[in-house]
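Next come the chains, spelled out residue by residue.
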Amino acid sequence: MFYREAGDFKTTYPEDAQTFPIRFDRVRYYAVLAVAFGVIPFWINDYWANAVFVPFLIYAIAAIGLNILTGYCGQVSLGTGGFMAVGAYACYKLMTGFPEVSILIHVLLAGGITACVGVLFGLPSLRIKGFYLAVATLAAQFFLVWLFNKVPWFYNYSASGQINAPERTVLGHFVTGPNTSAAAKYLFCLVILFALAWMARNLTRGTIGRRWMAIRDMDIAAEIIGVNPLTAKLSAFAVSSFFIGVAGALFFAVYLGAAEVGEVFGINKSFLVLFMVIIGGLGSIFGSFAGAAFLVLLPVLLKNVLVEGMGWPTDLAAHIELMIVGGLIVVFLIAEPHGLAQLWRVAKEKLRLWPFPH
Amino acid sequence: MKTTFATLAAAAMIAVAAPASADLVVPNLSYRTGPFAAGGIPYADGFNDYFTLLNERDGGIGGEKVLVPECETAYNTEKGVECYEATKGSGALVYNPLSTGITYQLIPKVSADGITLYTPGYGRTSSANGKVFEWVFNYPANYWDGASVAVKHLLDQNGGSLDGKTIALVFHNSAYGKEPIRTLTELSKKHGFKLTEIPVDSPGQEQKSQWLQIRREKPDYVLFWGWGVMNQVAVQEAANIRFPMENMIGVWWSGSENDVKPAGAAANGYKSLAMHGTGMDYPVYADLKQYVLDAGKAAGAGDQVGSVLYSRGMYAAMVISEAIRKAQELAGTSAVNAAQVRDGFEALEITEERMAELGLPNFGQPFAASCEDHGGPGAALIQQWDAAAGKWNLITDFIAPDDEVLDALVLEDSAAYAAENGLAERCN
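Quick note, the sequences are listed as chains A and B, same order. The numbering used here applies: residue 1 is where the first sequence begins, and numbers increase by one. The numbering used here applies: residue 1001 is where the second sequence begins, and numbers increase by one.
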């Protein structure tokens, strides 16, 4: 009914090749954009920004980044936390070193620096695959965290080893520091996420994305049909690290405002983003959003329901929350191993046939 | 973009209950889960119980009930920030997050929001300088005081000279653990001892290699900056390499019953700093028993009463309640707001007589805050564990820190913060 292809005919190639070929999808996409840009900024407050929306937006960027590498190119990575740390520390050094340059440029440059580091750690992927590569990226995770803890230059020789984001503005509004309004924080992250998601969507639809997917599906066959594994794998590492670096920079500068590498960018962060990708759906941009939403919102929701709604003790609620989230992940992976994105695809299929199922 | 709508739908279900704004709200950002729960649980219990006592016995502070909404941070800064944002709208007057990491996150936020941050014995040391940190208070003592007191105690034991001695600092590899390094470096220059820094990564259950290094290098003394699960592991490891326990001194966060009991008799002689007295020999416990424990209103399992960290939570609650009382006195109203409470903190004076009135005679050091001084005198005691008796014994009086060294460091660090954030000095 809603998903109707009858009457939705394409007569030109550009029409057929558009991102959302079905009209209902397209309309809904614009509606979501309108709400995200036109409605939410006007009523968002500090709590909604800091507990719900900003982490969701930032994790979505990281999840898209990891999804490009793991979901589209098939290179398993456990180094996400380390690469986020590279983004955060690069952003910090740039912010303090060049205070007159716009923070937006710093965030993108931090992504660029992370891309270079990512390529460096991606080099082993040319020789090793699967679990072995996962272990190599795990080494990157531990090495990078150790490095940022060990070398005082990275944290400007501060006594505590913490990095603090100084106040920076975009178009006259604070986007980092304590005086940032909730709307500015939200919009800054939203604009970056929008641009990056748009870029990711188009990259994965085009030649580069097809190369990545060919490598993922069968690397030897891909090589035979003319895909250069070196450029394909390294470009996946570069693009993925760029996204993750941007996410790390935003995470530190906009969301937290201060960071301690061992805690914020530890191995747990790598796992969290990996879970987002797996739960959301490997090889799907929408899945990255869905996975990030699932793992950011569910704990907050459960906490509010259990502690504020039902008045449970905080420690009991925290433990139950761990069990529920963990349980849901397991159930999910058994019931739908391809993640939320696949559920959505199935739902769409059913809607197309409705009300006449086979 | 697509899920934003679904997000909205989910978000609509997330209800944020706000308590009535008429009461005094002191959120308790506690942690009863995770690797640091061993420290978080007794502290949170002591904190809650003291306010329960005030509510039950006196009807609150100045006739206003105190609400202590609890929020679980698991010692995690992200959750801490979420807890802060979730509770600040409820009219929160003061925050005490019991985590140096969360404190660093909150310092800029509370300054922008105008809410007091009280970090007794932890947090950013240089916030002792009230000229720069308007909204942050860390009396009666801070990390640099602690480091200096420990060194002074060692000086006392060595006839006033540590020349040629080696001191190893075993620390939690985070802002918290790194905090004393700057002071100890200065002190090592002044007193001629050699300082070895030995970091332990969080949460600190794995310390074998660090203690092997200690066994190899044989430092004369070990200073220990640990917390939570890390403490008991360190005490056990020190016992395993037969490091003389009396040569190991923990900071006050590494000196509770939880830290030494697992090692049994091997922990005998372990020393730690203490900011305040401990145990049940204070008159306040009679009231606490009558109004809170026997009434079934105790926080948590109620089994932590009288332990070191329970006492510390209670002490923090006592200082906060006194500051609120002071604020009520200054403002002439019982329904004080966050800004008035800050003034209360700044004008707070805790005398020995007042402590005795509160049922805690000789519990902590008397102090008086001022516009410049948010850090208090910084003196600390040394306590030693008696494994056979299963109790901590205080073996010194309050030892004053070496202010000559510390004041310069505090000024330097706070000036750096002021420059970074473009703050002008107050109190002029």
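A few of these clues could be false.
[Stated by the list, open to error] Under the rule of at most 30 Å between Cα atoms (straight-line distance), these lysine-lysine pairs were calculated in the BS3-like manner:
1) K150(A) / K1261(B)
2) K348(A) / K10(A)
3) K1165(B) / K1131(B)
4) K1261(B) / K1391(B)
5) K1208(B) / K150(A)
6) K1189(B) / K150(A)
7) K1391(B) / K1218(B)
8) K1131(B) / K93(A)
9) K1152(B) / K150(A)
[As the list claims (entries may be wrong)] Which residues of chain A face chain B? A few of them, derived with a C-beta cut under 7 Å, are:
10) A51
11) P152
12) N156
13) S160
14) A258
15) E260
16) G311
17) W312
18) T314
19) D315
20) A318
By construction, these hints were calculated from the structure, which means they are not laboratory data. Just so you know, even glycine gets a beta-carbon here, dropped at the ideal spot from N, CA and C.
Of all the hints numbered above, which does this structure not satisfy? Sort the numbers upward. Of the numbered hints, 1, 3, 11, 12, 16 and 17 do not hold.
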